[in-house]
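Protein chains: 2
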Amino acid sequence: MTKSTSEKSLVNSNGKIVKREDATVSIFDRGFLFGDSIYEVTHTYDQVPFHLEEHLDRLENSARGIGMDLEFSKDFLKKEIDKTCQALGLPRQYLRIIITRGEGEIGLDPALSQSQNFFIIAKELPEYPKRWYEKGLSVIIAQVIRNPKKSIDPNVKSGNYLNNVMAMQQAKEMGADDAVMLNHKGQVTECTTSNIWIIQGQKIMTPPLQAGLLGGITRKALLALGKKHGLDMIESNFTADSLKQADEAFITSSTKEIVPITKIDGKNLGSGNPGEVTKKLTKLYQDYVRETISSYKS
Amino acid sequence: MTKSTSEKSLVNSNGKIVKREDATVSIFDRGFLFGDSIYEVTHTYDQVPFHLEEHLDRLENSARGIGMDLEFSKDFLKKEIDKTCQALGLPRQYLRIIITRGEGEIGLDPALSQSQNFFIIAKELPEYPKRWYEKGLSVIIAQVIRNPKKSIDPNVKSGNYLNNVMAMQQAKEMGADDAVMLNHKGQVTECTTSNIWIIQGQKIMTPPLQAGLLGGITRKALLALGKKHGLDMIESNFTADSLKQADEAFITSSTKEIVPITKIDGKNLGSGNPGEVTKKLTKLYQDYVRETISSYKS
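Just so you know, the protein sequences line up as chains A and B, in that order. Count the first sequence with my numbering and you get residues 1 to 298, in order. Count the second sequence with my numbering and you get residues 1 to 298, in order.
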């Protein structure tokens, strides 16, 4: 009956390693009642979490963004993450770190909670469809508008993800893989769980943080990497029309890395196949990942 | 250690009546991961849930709002609510009905979930502070902007409540009881868990649904009740300045009913005491509640 029992996974529930089916939380936890939680997702290479320092920095930033005084230090979380990875023992793991404001009497005031809860989900990193990388993604422009920074800042990874869930739902209804979300000015922000890039001639562009998006860690690494290789990496706003008329487009995400976009709203983007610049960046990024992993070991 | 053990409560967890401490949910439930859930809150008089039909209608409306195909009929939920109320056996109960999109593999696509989960929390209705009713509430104008309808419609009661949590947090930091939330046009929408009203001369005004707010059940009942009594009940937009300059102001909520506002951003509103029109409406509403309860019994 459950779709997921074949999957290898373990959960660190407030320090205790438990099986997936035993990983529960009180329904009086604010994470469940209000989405009053923050999270991060990364994955491991050879059992070593990638860009972990950056992810934990961002977790701290998310905490600040919702006024949460984080009860767990980075060192503590690193040890707990390591413990969880060791327990699962797989080389390639998906890792999700969730911290909630904790359980308490029902009410919006965060002071009602007693102490924060943390969970670390470690599971076998799924094999993403080869089609994504070889043929590219089909995306739509979502009708749902990305949360504005003044309401719920998209640069906070929180338990409030209905905005993106609804955009993804629209994509699936249209037979697409993902949705591009615009802000209220009609500017492109990001996809539902990834940053977006377009290539126009020699320019490699991604929207700036001010557009209202999550400052992706792969996004930041790729900006630096491209610049190091003399490429014209630009943070600039663009519209859905510019996206549709781009030569190439792709997304970046910590778990999926670089995936080409080849279709928008049912129409081919550029040639309708992954472009040469996207392939070149993918190669550069893969080399960078290998070097970074080596540096962790030395 | 727990602040809440003195409180009498029970939980209906997917049909099974359990103690509060046994009311848990998988951390793989979408309600916990993404706030992918809907809810309603009502309360009982003499063990009978008030305005239940209206609350269940609104629950169905919330489900439609997030594209959730509700697996539970109103009749089914009524029976489960009744079962829960009977089990707790108190005359005045707070009731919270929560429905999540269920558990599944981690991912935004709602199709990943298997089947929905429902929870009904029944607990002793708290005695709200007498000060609220006798002296009135102190509120602030929140800097956090209410979610726009095109992002997450405030007329959906969902598990995404960080927007309101942050506004309430601002209020508490300023020593206030609650926060008034504006939309991106600067119009007043609602408080963090209640509708807001102002009185200007003979006019009794509350913002229209188009401003981006939850269509409150007490709000709707009071609009009809006031009209029936020949009062000038108006749905109209107003700004924070109009609110500050109003003769009187109050909030409505299913559990709190009518509570005067007497202070905004640290300054007295009107006389700084609950106003005469607010008192008159409170009396009318209390009579209406008594009559409605009697009609349920006959």
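There's no promise every hint is true.
Since the list gives no way to pick one copy over another, a pair counts as held whenever it fits inside one copy or between any two copies.
[Said to hold, decoys possible] With a straight-line cut-off of 30 Å between C-alpha atoms, the simulated BS3-like cross-links for lysine-lysine are:
#1 Lys8 to Lys256
#2 Lys244 to Lys149
#3 Lys8 to Lys203
#4 Lys185 to Lys74
Please keep in mind that the hints were generated in silico from the structure rather than gathered at the bench. Please read these numbers as outputs of a predicted model, since none were measured by experiment.
Going through the hints against the structure:
1. Lys8 to Lys256: within (19 Å within a copy, 48 Å between copies)
2. Lys244 to Lys149: Both ways: Lys244 and Lys149 sit 25 Å apart in one copy and 26 Å across, limit 30 Å.
3. Lys8 to Lys203: So Lys8 and Lys203 fail the 30 Å test inside a copy (42 Å) and across (63 Å) alike.
4. Lys185 to Lys74: Cα proximity of Lys185 and Lys74: none, with 37 Å in one copy and 40 Å across.
Of the numbered hints given earlier, the model fails hints 3 and 4; all others are met.
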